[in-house]
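Chemist: Sequence:
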Amino acid sequence: QLTIATASSTRSTADQSLINDLLAQSDFRRRQNDVLGAIAALDQVIRLDPNNIFAFNERGSLHLQQRDFLSAVVDFRQTVQIDPNFAEGYYNQGWAQLRSGDARAAAANFRKAAVLFKSQGKTEKYKATKERLKGMPTE
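1 is the number of the first residue of the sequence shown in the working numbering; add one for each residue after it.
Everything labelled a hint here was simulated from the structure, so no lab data went into it. Accuracy of the hints is not assured; some may be wrong.
In silico lysine to any residue, SDA-like type, Cα no more than 25 Å apart, as pairs [as the list claims (entries may be wrong)]:
| # | residue 1 | residue 2 |
| --- | --- | --- |
| 1 | K125 | F86 |
| 2 | K112 | P137 |
| 3 | K118 | F86 |
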């Protein structure tokens with residue numbers, strides 16, 4: 001079961017319980033290949049907790065799986081607006097942009113992700129991101 005707590009001290013225990021239930025439902029639906037059901041559950045999480053990075057990141061991944069690159073970019077962009085140090089958000093946004101044909105924007109996001117991965121000590125992710133950048137547009 002996925003449980004993601006956020007920094008909100010005003011959220012009631014009932015709301016947090018509902019959020020956790022919806023995250024679990026989304027995960028179950030995703031594993032059953034019910035992508036639209038998983039997205040619907042994440043939509044509800046985001047309505048209850050508009051700063052839930054995990055929900056935006058997961059929904060973006062599902063949009064990417066559906067080849068809805070614009071929606072994926074929007075969700076991944078939201079993750080880094082909530083937390084500018086969320087390296088995975090920049091990486092995922094770059095991947096969605098690359099898939100949509102915007103290699104220049106993708107490279108910029110991969111570069112930002114690489115810097116953050118390195119500063120956060122995520123060596124393997126840093127190396128993989130630097131490898132992805134080979135042959136991509138520079139500044």
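Chemist: Does each hint hold? Answer for all of them.
Modeler: Taking the hints in turn, this is what the structure says about them:
1. Distance restraint check for K125 and F86: the Cα-Cα separation of roughly 13 Å lies within the 25 Å cut-off, and the hinted pair is therefore satisfied.
2. Of the supplied pair hints, the one linking K112 and P137 holds, its CA atoms being roughly 14 Å apart against a limit of 25 Å.
3. Simply put, K118 and F86 have alpha-carbon atoms about 12 Å apart, close enough for the 25 Å limit, and the pair holds.
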